Amino acid sequence: MASPAPALVRLPSVQFAGAPAQINNSEDGKVSNSAEDGDVDVDVAAPLAGDIQLSAEEYAHAALERLFSSPLFSSNENRGSLSEEEQLKADLHLTAGDLTFGDDVKSDDIPLEGLQEELEKFQSQQVVASILGKGSELREYARDVEEKLRQVELESIQDYIKESDNLVSLHTQIRDCDAILTEMEALLGGFQADLGSISSEIKSLQEQSMSMGLKLKNRKVAELNLSRFLEDIVVPPNMIDILVDGEVNEEYVRNLQMLSKKLQFLAEDPVAKISAAYKDVEPEVEKLRLKAIYKGREFMMQKLNALKKPKTNIQILQQNVLLKYKYVAVFLQKHGKEVYSEIRTAYFDTLNKVLSAHFRTYIQALEKVQLDIAAVNDLIGVEDTRSLGLFSRSREPLKKRSSVFSLGDRAKVLKDVDQPALIPHIVEASGTKYPYEVLFRSLHKLLMDTATSEYLFCLNFFGEDTIFHEIFAGPFAVIDEHFNSVLPNHYDAIGLMLMIRLTHQHQLTMSRRRIPCLDSYLDKVNIMLWPRFKMVFDLHLTSLRSANIRMLWEDDVHPHYVMRRYAEFAASLLQLNVEYGDGQLELNLERLRGAVDDLLIKLARCFKHQKQQTIFLINNYDMVLSVFKEAGIEEGKTQQQFEELLKSSQTVFLEALLLEHFPKLIMFVKTRTGEDLASTSGQPIKVEEVEPLVKDFAERWRGAIKLMHEDVITSFSNFLCGMEILRLTLTQLLLYYTRFADAVRQIEGGAALNINLVSITSIMYEIKNYSRTF
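When we follow my numbering, the leftmost residue of the sequence shown carries the number -11, and every step to the right adds one.
Rather than coming from a laboratory, the hints here were simulated on the basis of the structure. All of these numbers come straight from a predicted model, not from anything done at the bench. Yeah, the Cβ is synthetic: ideal placement off N, Cα and C, and Gly gets one too. Possibly wrong hints are sitting among the right ones.
In silico DSSO-like pairs for lysine-lysine, Cα to Cα no more than 30 Å straight-line [as the list claims (entries may be wrong)]:
#, residue 1, residue 2
1, K267, K283
2, K312, K433
3, K658, K683
4, K312, K299
5, K249, K296
6, K312, K249
7, K421, K433
8, K625, K522
9, K296, K279
10, K279, K208
11, K652, K596
12, K596, K658
13, K433, K400
14, K403, K279
15, K356, K403
16, K150, K136
17, K356, K275
18, K683, K694
19, K356, K291
20, K291, K322
21, K150, K191
22, K312, K325
23, K191, K203
24, K617, K400
25, K296, K341
26, K322, K312
27, K433, K403
28, K421, K400
29, K314, K283
30, K341, K433
Here are the in silico distance ranges between beta carbons for each label pair [stated by the list, open to error]:
#, residue 1, residue 2, range
31, A255, H457, 29 to 39 Å
32, S418, E632, 41 to 51 Å
33, K325, K208, 16 to 26 Å
34, D233, N472, 47 to 57 Å
The whole structure should be built from the sequences, with the hints applied where relevant.
In structure tokens:
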């Protein structure tokens, strides 16, 4: 069942206490205000409650509409005809309206469908439950409610009346604000009109400014072009005076640059060629060009002639004079090509002669302080002799001139590669002489520094590097001539290898400087040095292979001088190959090692006894390894091969030494101790067989060890090597005797020989006594 519509009531007229007037609703919709002072009718055009049935919400909206359309919110002109009391009454009437209630709603007007559901829905409400509980009449209850509502409405009207003054004040304030806003609107409207006028003026000024700016820009461009034209074509009198009569200095160079620009302008600018000024200026500028060329040529020739004077420092003259006035040459190159070619030819011709003479003089001075190291017969396999030919130069015996084969301090030249070149007259005055590799380094240090300076000067002054090779053709020829005279007579293999390493260092130096001008020359030097080194090296190799054994042999087991030469020579070359790993050099050294080993075997065979041969080999092998160790060569194929040869020879020697003192004991241990003593297949060892050996060893073993010690001391030149051989010999003796003693204890009846067996402890004690001297 649907909810019943709310009851529509008519609001009755209300009498306000203390008010002399009564506000009623007339049937035509006008409010009549009766008072003693007169009647005022206010048409609020509000609907009457008797005519239209309104809900409470709709009635409230209607009341508010009437309120804002009443004289309370009307203009001052309409309210001026009402007194204050009348206005208040009219406002109250509009606010209250007709507070009347119509007749009660009849039950016939309310549909009964859904009543049961409505009652169930609202039975939990307190008011509904109270009504149903009392069982009173609904009409009576409705009247009570109506009375309460009327009372509440009256109270709310009183609240509206209390706030009427505030509403009037609010309305006044709103009206004043509206007036102020109207004035502001008029004022802003005037401002807007003024801004519109100003905007038009600004736009006009902007257009005028753009037009004037464009004109100014065009005039500036025209002025700039004209000023440039005048600057490029006009020849100032001051410039003429300086170029014609002035000295060549910095101011002259500046004016020469200005003249070059004017010449280039007149030759290239198409506008200048058709201008009237061109006909007037061009002849004068041409005269200045010819004068400048003549003056520049005289100046450059004068400076080039200064290079020919003795003791002239070429680098200082180049840096302080020629480069300072470099533009003179540039001007000649641009505007006087024939004269420039003459200057260029004169320069490289002058420098070619000056540098050639300089290097020739320097080489001649170096030759005076040269120390000869080796001659054609200073070879490893050549026999030592103190006698020379009648017309030979007096030289120290080869055996004493160890620098022929030993590197020694000569390797220091590789560390001094960047040191300044030698000053010949100072060295000559001191009386010092140097090996050729030191002179080689000094010569090439001078060459590198001179070439670097000249190469950079040619690039800066002439703008090309081809002239460098023309200049240095002479110095290269002088140095080549020197090498061609020196190298064919140079038999110092170590010196040649040092020069090869120096050349490599020189190549690295020029590479770090980023100067490529000596690349081909240094490659050529390498090509000259390597074949010469190979030829001298082959001479040493041939001297070993074709050596005269009878002339070389000496009845002495100590290291042979040929082997010492070889050791020092090989160690020197190995030292010079440490940082380079040259496979070609290593191959040549292997060939040399094979040749010297063959020679050593041949010399050893000249001794009558095997023991002497072995001692001779041990002494020589040990000497070679000692020289290698002193040179700092700890690893390498050559060293490993000599170590193997030394160990093999030591083993042979100690076996021979033991056989010399204990032959029967050693033979017994080698032949009989390996058999199975319990076996019947072989002949058993008897006590009678070993008893003499036991007693012989017990009697002689201490004396034999003493004799072996003395033998070792006198046989080996290297004390440490001899003590190592003695230690190995005694250790091997202890092993043999241990095997012998074990065999004796195992044979039948061998216990009776224990009293004669020397204890192992005693032998070890004796070995330790000799070991203290190791």
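Hints the structure fails to honour: The structure breaks hints 5, 10, 14, 17, 19, 21 and 33; every other hint is satisfied.
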